[in-house]
Amino acid sequence: MTDQWQVAGRNFTSRLIIGTGKYKSFEQNAAAVEASGAEIVTVAVRRVNIADPKQPMLTDFIDPRKITYLPNTAGCFTAEDAIRTLRLAREAGGWTLVKLEVLGEAKTLYPDMIETLRATEILATEGFEPMVYCADDPIAAKKLEDAGAVAIMPLGAPIGSGLGLQNQVMIRLIVENAGVPVLVDAGVGTASDAAVAMELGCDGVLMNTAIAEAKDPILMARAMKAAVESGRLAYRAGRMGKRLYADPSSPLAGLI
Amino acid sequence: MVYDDTLSITVNGEHRRIVKGMTVAELALELGLEPTRVAVERNMEVVPRSTLGEVRIEDGDDFEIVTFVGGG
Numbered sequence: 112m113t114d115q116w117q118v119a120g121r122n123f124t125s126r127l128i129i130g131t132g133k134y135k136s137f138e139q140n141a142a143a144v145e146a147s148g149a150e151i152v153t154v155a156v157r158r159v160n161i162a163d164p165k166q167p168m169l170t171d172f173i174d175p176r177k178i179t180y181l182p183n184t185a186g187c188f189t190a191e192d193a194i195r196t197l198r199l200a201r202e203a204g205g206w207t208l209v210k211l212e213v214l215g216e217a218k219t220l221y222p223d224m225i226e227t228l229r230a231t232e233i234l235a236t237e238g239f240e241p242m243v244y245c246a247d248d249p250i251a252a253k254k255l256e257d258a259g260a261v262a263i264m265p266l267g268a269p270i271g272s273g274l275g276l277q278n279q280v281m282i283r284l285i286v287e288n289a290g291v292p293v294l295v296d297a298g299v300g301t302a303s304d305a306a307v308a309m310e311l312g313c314d315g316v317l318m319n320t321a322i323a324e325a326k327d328p329i330l331m332a333r334a335m336k337a338a339v340e341s342g343r344l345a346y347r348a349g350r351m352g353k354r355l356y357a358d359p360s361s362p363l364a365g366l367i
Numbered sequence: 004m005v006y007d008d009t010l011s012i013t014v015n016g017e018h019r020r021i022v023k024g025m026t027v028a029e030l031a032l033e034l035g036l037e038p039t040r041v042a043v044e045r046n047m048e049v050v051p052r053s054t055l056g057e058v059r060i061e062d063g064d065d066f067e068i069v070t071f072v073g074g075g
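Quick mapping for you: the protein sequence lines, in order, are chains L and S.
The numbering used here puts the first residue of the first sequence at 112, with every later residue one more than the last.
The numbering used here puts the first residue of the second sequence at 4, with every later residue one more than the last.
If you are wondering where the hints come from, they were derived from the structure by calculation, not from laboratory data.
Virtual Cβ for every residue (Gly too), placed ideally from N, Cα, C.
Keep in mind that the hints are not guaranteed to be accurate.
Said to hold, decoys possible - Below, a list of computed lysine to any residue pairs in the SDA-like style, where the Cα atoms sit at most 20 Å apart:
hint	chain 1	residue 1	chain 2	residue 2
1	L	K253	L	A302
2	L	K165	S	V14
3	L	K165	S	E29
4	L	K165	S	P38
Claimed, not checked - Counterexamples of contact, computed for chain L against chain S with all Cβ distances above 10 Å:
hint	residue
5	M168
6	R176
7	L199
8	E202
9	D223
10	D327
11	K336
12	A345
Just chain L, with the same shape it has in the complex (with noise of 0.2 Å):
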C-alpha cells in the first residue's frame, strides 16, 4: 500500500518539498528535483527582465505540468503584498494552490501572525487553497487552519539558518492537533533533521538552502529523499520507549 498524502484534494506520494532558489544553474536546480523525487516545487514571483526577455526561464527547465509549482510570497512583509503578488501567481499559473508567508522583519525572516492569518482569510474568500508558513504556535495554527489554510508550516528554525529542528514540542503538538497536513518549512540544515521532522509525524518537509547550498546540491537531495522516507518509515513503525537504564538484547538466561 503506498503511503499518500493530500493536500487540498490532491495526492503526493514524495513528502519533500523543494525550493528553487539559491542553485548554480538551471541545470543544477533541476538535476536536485529530479534527484530529491519532490513532486512539489516552490517558486518565487518576480518582475520580468524586460532588458532581456529571452534569457531562460525556469519553466525550460522544470516542467509545471510535471512538477507542481507552489508560487510563495517570500519578500512580502504586509498581508497586501502577498495578496498582490498571489494574485499575479494565480494568473502566472493557474492554480490556487499557493505558499503563503508573511515576514516580520527582514533579520530573522520571521513570519508576523497578524498579518498572515489576516491574508489567509482574505486568500480563503477569493477561492485560493494557501499552505501558510508559520510562527510554531500551536494556537496560531489552529486559527489559520480555521481560517481556511490547506496547510500549517511552522519554521524548524529561522529560513535558511539550516539549525535544524529547535522547536520539536511545539511541532508535535501542531501535529496533534492540526486537522490539516502540517510540513515543517524552513531550518533543516541535513538529513537527520528532515528525519526528525518525520519521526515527529509532520506530513512532510519543505527545504531549500540545506539542499542548494550543499556542497554537492544532487547528493544532498538523494539524502534529503532517504531522510524523508526514513522519518516517515519510523514514525508510522513506532520508536521504542525511552529507558534511562540499559537493558540488554541478549538473553540472560543460559548464560556460561
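Mind docking chain S on chain L? Use the hints.
Structure of chain S alone, referenced to chain L:
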C-alpha cells in the same frame, strides 16, 4: 503635454512610450515576452490572461509584468 500618436506608460517601474491603440498582448510581444508565460497587473488590478488581447492601453497606465523564478 505631447501631442502625437504615443502614450506614456510605466512597465515594471520604467517609463516607456508606446503607440496609441495597442493592446496589452501586443505590448508583451513588443517587449519580447510570450503572453502565455507572464502575468500582467495594470494599475494594481490583474488583467486576466484571456483578455490580454482585448484590453487597450491608456495613457498613464502602470504595468507590472511578472513570471515565476527560482525561490524557496
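Hints, verified against the model:
A hinted pair counts as satisfied when its Cα atoms are at most 20 Å apart, and L/K253 with L/A302 does not qualify at roughly 28 Å. Restraint check: the Cα-Cα separation between L/K165 and S/V14 comes to about 17 Å, which is no more than 20 Å; the hinted pair holds. A C-alpha spacing of about 17 Å is found between L/K165 and S/E29, which places the hinted pair at or below 20 Å, so the restraint holds. Distance hint between L/K165 and S/P38 is fulfilled; the C-alpha atoms sit about 13 Å from each other, no more than 20 Å.
Residue-level check failed: L/M168 sits 7 Å from the nearest beta carbon of chain S, not beyond 10 Å. Every beta carbon of chain S lies more than 10 Å from that of L/R176, the smallest distance being close to 13 Å; the non-interface claim holds. Against the 10 Å criterion, L/L199 falls within the reach of chain S, whose nearest CB is about 4 Å from its own CB. With a least CB separation of 4 Å from chain S, L/E202 falls inside the 10 Å interface cut-off, contrary to its annotation.
With a closest Cβ-Cβ approach of about 18 Å to chain S, L/D223 is found to remain outside the 10 Å limit, as its non-interface label requires. Distance check on L/D327: its Cβ is at least 19 Å (rounded) from any Cβ of chain S, clearing the 10 Å threshold; non-interface status holds. Interface exclusion of L/K336 from chain S stands, the closest Cβ pair being 18 Å apart, more than 10 Å. A cut-off of 10 Å between C-beta atoms confirms that L/A345 is not in contact with chain S; the least separation is 26 Å.
Violated hints, in rising order: 1, 5, 7 and 8; the structure is consistent with all others.
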